[in-house]
Amino acid sequence: MDEMDGLRLPADSGRKPQDADLGRATTLAASPLLLCIDDEALGLQIRKAVLERAGYRVVTALDGANGLTLFWDQPVSGVVLDYFMPGMDGGQVAAEMRKRRPEVPILLLTAHINLPPEVVKMVDYTLLKGEGPQELLAKIHEMLNDSHDQAGPNRESNGGGR
Amino acid sequence: MNLLEFRSILRQTLIFPVLLLLVLAGFILWQIGQYQATLRAIDLSDEVTSEVIDLEKLVIDQETGLRGYQLTGDPVMLAPYKAAFVTIPLRFARLHQLLSDNPDQLSRLSQLQDSYQLWLGFAQGVLKKDPAIVNLPQLNQHGKQMMDNLRYEVNGLLQDEDRRRKHRSANALHFERRQVVTIVIASLAVGTLLGLFTINRLRRVSRTYSTALEELTKQSEEIYESRQWFQTTLESIGDAVMACDNDGRVTFINLVAQNLTGWSTQDALEQPLSKVFHIINEETREEVENPVEKVRRLKTVVGLANHTALISKQGKEYIIDDSAAPIYDEDGEIIGIVLVFRDVTDARRTEAALVAGEKLAVAGRLAASIAHEIHNPLDSVANLHFLLANESDTEKRAHYLHLAQQELGRTMQISRTLLSLYREPKAPVPVDLKDLAEGVLLLLERRLVQQDIRVECEFAEPSVVQGFPAELRQVFTNIVVNALEATGKGGRIRIRIDRVPADETRGSGMLVEVADSGSGISEHDRRHVFQPFYTTKGEDGTGLGLWVSMGIVQKHGGTIRIANCTDEDLRGACVQVYLPERTLANASSRSTAHVQA
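The listed protein sequences derive, respectively, from chains A and B. Numbering (our numbering) for the first sequence: 1 to 162. Numbering (our numbering) for the second sequence: 1001 to 1597.
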């Protein structure tokens, strides 16, 4: 539970006025916006609830194409991406994202065990589905902090070094 | 040379000498005839001479008689004269006859006759005169002159005849000598001819004989060699070989057969085959029909039933594969039976291991898909658990719990489907092929979705057959995975389940057809895909999927076929699996495929 409290820290500022609707809306505008892409509708919905509970703002898409549209239109701070999807797979989506906005960090969240190495190199973090929400939140926290600490171009080397 | 020729030669050697000797005898007879003719000519001369002498004597007797009468005047003295008076003309006639072929002598004879007639005229003249004056000197002188003349002529005749006789005698001698030479030469010629002929005939016979003898020797050598050849071959090959005569007694047993049956050659020879080659059904432990009886009954090559076990003399048991074939003589009668068998115990174990391994491999091939399927709901459940722990709102909690339940249900379904790949009932149960196909598609859904493959299903209902669900699921997983890999991204797969009515070759059942939009199957692959270890997927395939599938389908009494689609819009491979409504399979039936060449 200590760990979980710690996890809440980045969202603490947003969680203080949680009882007031107005206050919540203003804080939400300040908290990071995450883009979640997954073809599992139910899983995506639940993941969104978890992330929102943690204080993030979340937009979701059920496939790569829709995800990319959101990515162009919204000021996304980070991406939580599924690999195994109909149409474009996670690798293709990540490649498109990198072309336009390479500074946005990407977390590849998948149940797929044998990910192609070039895909692993392209994204910043990978996480196996089923590891639990704590692990997911920790990774996202780490990812957003890293991208804040380091300037855009440098972050690339971080991703490449993985 | 055949017997007929030989007989003809025998006939020739009999007839030819006889003919030749007949010719020789004829020749000799002719020669003798010739010689006799010359001898007759000598005889003729002798006869002429003796006739002439006789004639002369008669004439002298006449003259003597006449002289006596002249001297005495006694007519008694004329008796010889008168006696010769009758015989002399006869003698002349005879001589004329004898000398008819000789004009010289004939003219001399005529002259002699004339002289005699002249003398006779004189003698008649004397006799007519008075007997007292007949003894006159001039008369006597005249008579003597005439008689001398006559004598002279006789001498000429005789001399000539003598000369002639000498000539003839020399002729005969010469002829005789020549004849001897001729006959000797003729005999020699005949003898030589006969000898040559006989030698020729004998040579021919002996040549034929020696050729026949050579051939026989060669043949017997060849027979020996080929016997050795076959014996060594049979002794050396890796299969067990036994042969028995028509009474079912062992006449040959090679080393491998000796090892398997536990009978040595010495012990096995002349023993009844069923004693040496003791076979039972591997499962029922019942005696199996003696293959010798079966061959004799069917008069053709027979293979042993499956699951045949050979019990050796020492009680060791081998699973064998074998065949028995009749040995015919020239007239097509069975004179023996040869039995070829091989220990397949290890092969059978290997096959079983391969089948078991392939069963696991099917699951292995699905592992990635399954991990995904299970991880997704598990991830959701873990997230829901996190939300529940931090949620106090009852309504929301209930909603989360409901979602968690839903996701757990999904996990359970996946795990059940996975388990059903292994769990197998003891006896065939009703299997709904529609459910089965849907279960397979559920496990493969991830891959199908990711590859953007459209699956069209046309399922007839009801689609229930008897069978073993896990095995059938393995078959369909193999076929659908093959289709999925063949069509590639954006392809199409059509799965049809149809009811098929009974016909003369099979009972009523279900036909499952899986067609894909891939590039189809080549003729070469089509002929080999059901063989073990044949794969078109390179390193990624084991080459066992379709082989095992075929074994399973065959065990259910069904058939599996692969061809290319003929549809306008679907040009890939098309696999058809027919399954009978009622299966004869039981849990222990072999599911190893029997691939027909």
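These are computed hints drawn from the structure, not numbers from a lab. Just so we're clear, the structure is a prediction, and the values are computed from it rather than from any experiment. Glycine is no exception: its CB is placed at the ideal position from the N, C-alpha and C atoms. The reader is advised that the hints may include incorrect statements.
From chain B, some residues computed to sit far from chain A (all C-beta separations above 12 Å) [stated by the list, open to error]: (1) K1218; (2) S1226; (3) N1376; (4) L1378; (5) D1379; (6) V1381; (7) N1383; (8) F1386; (9) N1390; (10) V1449; (11) D1452; (12) D1569.
Computed from the model, here is a short list of chain A residues facing chain B with C-beta under 10 Å [said to hold, decoys possible]: (13) L33; (14) E40; (15) L42; (16) G43; (17) A49; (18) P86; (19) H112; (20) P116; (21) V119; (22) M122; (23) Y125; (24) T126; (25) K129; (26) P133; (27) Q134; (28) K139.
Numbers of the earlier hints that this structure fails to satisfy, in rising order: Going through the list in order, the structure violates hints 3, 4, 5, 6, 7, 8, 9, 10, 11, 13, 20, 21, 22, 23, 24, 28 and respects the others.
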